[in-house]
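Assemble chain B onto chain A, guided by the hints.
What follows is the residue order along each chain.
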Amino acid sequence: MAPKYKLVYYDSKGRGELARLLFAAAEVEYEDYRFKEEDWPKLKGDTPFGQVPVLEVDGKPLAQSNAIARYLAREFGLAGKTAWDQAQVDMIVETMQDMGNPVIPIWLCKNEEEKAKLTKTYAEETLPRYMEALQKILVANTEGKGFFVGDEMTLADLALFASFDWFEAGAKNPLEKFPKLQEFKDRIASCPKIAAWLEKRPKTEF
Amino acid sequence: MAHKYKLIYFDRRGRGEVARLLFAAAGVEYEDFRFKKEEWPKYKGTTPFGQCPVLEVDGKPLTQSNAIVRHLAREFGLAGKTAWDQAQVDMILETMQDIANPISVICLCKDEEEKHALKATYEEETLPRYLEAVQKILAANKDGKGFLVGDEMTVADLSLFWTLDCIPVMVKNPTAKFPKLQEFRDRIAAVPNIAAWLEKLPKTADWDNSNVEHNP
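As they're listed, the protein sequences go chains A and B.
When we follow our numbering, the leftmost residue of the first sequence carries the number 1, and every step to the right adds one.
When we follow our numbering, the leftmost residue of the second sequence carries the number 1, and every step to the right adds one.
Same shape as in the complex, but just chain A:
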């Protein structure tokens, strides 16, 4: 019997969106439970680490957004076809952390001068370095006209797709100098199952 899935997260994209994209790509039913910020204190104590997202599978909890994503990807056959492919997919998912983490100190920075300095470093050094490396990987696989690993969509493609919004919160137009990544983004967005989700998902700022 098919497992019963419930994803528990804020009413936003954030760290919950990758799981939602996986459900969409695999066309698997789930309860997309979104709570309001004021309800969080009530729920916090019930989570394994006082954090969300949490994925409940037949009532059993799994925390940590990337552990959730990798679990669903494996269940849905979206993790990569061979052990090595899975490792390459994993490498790309991990890289999203390195690319996204600098955005947090930028957001939190209260000093305008410091914030501008951090943003400049992120936009002109950090992010382009990773984008360059990612574009290279993409191009090495079917000339950049397909996916990051192998012949089919995997978690790696969805993880990068889900992360673009996050990067843009720290740096304007990050894909300007990376045309193949822009094409990639458009290509994923127009995959029917993904396009359908983008159409119907609640419109939230983050």
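Don't read these hints as lab results, they were simulated from the structure.
Mixed in with the good hints there might be a few duds.
Sample of chain A residues at the chain B side, in silico, Cβ under 7 Å [as the list claims (entries may be wrong)]:
(1) Phe-49
(2) Gly-50
(3) Leu-62
(4) Ala-63
(5) Gln-64
(6) Asn-66
(7) Ala-67
(8) Arg-70
(9) Tyr-71
(10) Ala-87
(11) Asp-90
(12) Met-91
(13) Glu-94
(14) Ala-133
Backbone N, C-alpha and C fix where the C-beta goes; we use that ideal spot for every residue, glycine too.
For chain B alone, coordinates are given in the frame of chain A:
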């Protein structure tokens, strides 16, 4: 035919050590290639993302310490026995990041006042919350007398073992209020393959914040 493994990292524990613990636990041969900090510029451009560790498997590179760790764990049967166990193991690996990453952030913080505040939050709220939760998970499995997930050692245990060693650079005696975690740490250290590795590992500087130099 067995794979040829080469782990490329600084001559320290840091983000390479869990991979080394996996090789030790599994009794698998590998080349433990270590370079000095000043040699890094020489290697940086040859790596996929300008970072290390890099694991070469039959000459093919894999980077990102956690991707390396999960790959080796799966290859060596140390990732968890079922899909759900693997997910629980993975959840713990991620949580170890949440415990270790703030240490880097605090070390790098230039503003003394902010640094002091971050350290206080980490010591009084963040760290106890995670250690409490991890101890709970341990205690729920064989009353805390075994491993974190299932009946046998997994990479989750090795990662916790290593993380517990990283914390004292920021917070002394982190397991003082978590006796089951201290017992756990001692139990893993006494596993023959692990004990042998701890005995022979190069005595490098303790985990330090220069792990973050190549992650701006």
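Evaluated hints:
Evaluation of the A:Phe-49 hint against chain B yields a held restraint, the C-beta minimum of about 5 Å falling below 7 Å. For A:Gly-50, the shortest C-beta to C-beta distance to chain B is roughly 6 Å, which falls under 7 Å, so the interface hint holds. Hint status for A:Leu-62: holds, given a least beta-carbon distance of 5 Å to chain B, under 7 Å. With a cut of 7 Å, the hint placing A:Ala-63 at the interface with chain B holds, because the nearest CB-to-CB distance is about 6 Å.
Contact between A:Gln-64 and chain B, as hinted, is supported at the beta carbon level, the nearest pair being about 4 Å apart and thus within 7 Å. A distance limit of 7 Å between C-beta atoms decides the matter here; for A:Asn-66 the minimum to chain B is near 6 Å, and the interface restraint holds. Taking 7 Å as the C-beta contact cut-off toward chain B, the hint placing A:Ala-67 at the interface holds, the least distance being around 4 Å. For A:Arg-70, the shortest C-beta to C-beta distance to chain B is roughly 6 Å, which falls under 7 Å, so the interface hint holds.
Interface hint status for A:Tyr-71: upheld, as the beta-carbon distance to the closest one in chain B is roughly 4 Å, under 7 Å. Below 7 Å, beta-carbon pairs count as interface contacts, and A:Ala-87 has one with chain B at about 4 Å; its hint therefore holds. Because the beta carbon of A:Asp-90 sits about 4 Å from the nearest beta carbon in chain B, less than 7 Å, this interface hint is met. Checking A:Met-91 against chain B: minimum C-beta separation of about 4 Å stays under 7 Å; hint holds.
Interface hint status for A:Glu-94: upheld, as the beta-carbon distance to the closest one in chain B is roughly 4 Å, under 7 Å. Satisfaction of the interface hint for A:Ala-133 is found here, the shortest Cβ-Cβ separation to chain B being roughly 5 Å, below the 7 Å cut-off.
Violated hints are absent here; each numbered hint is respected by the structure.
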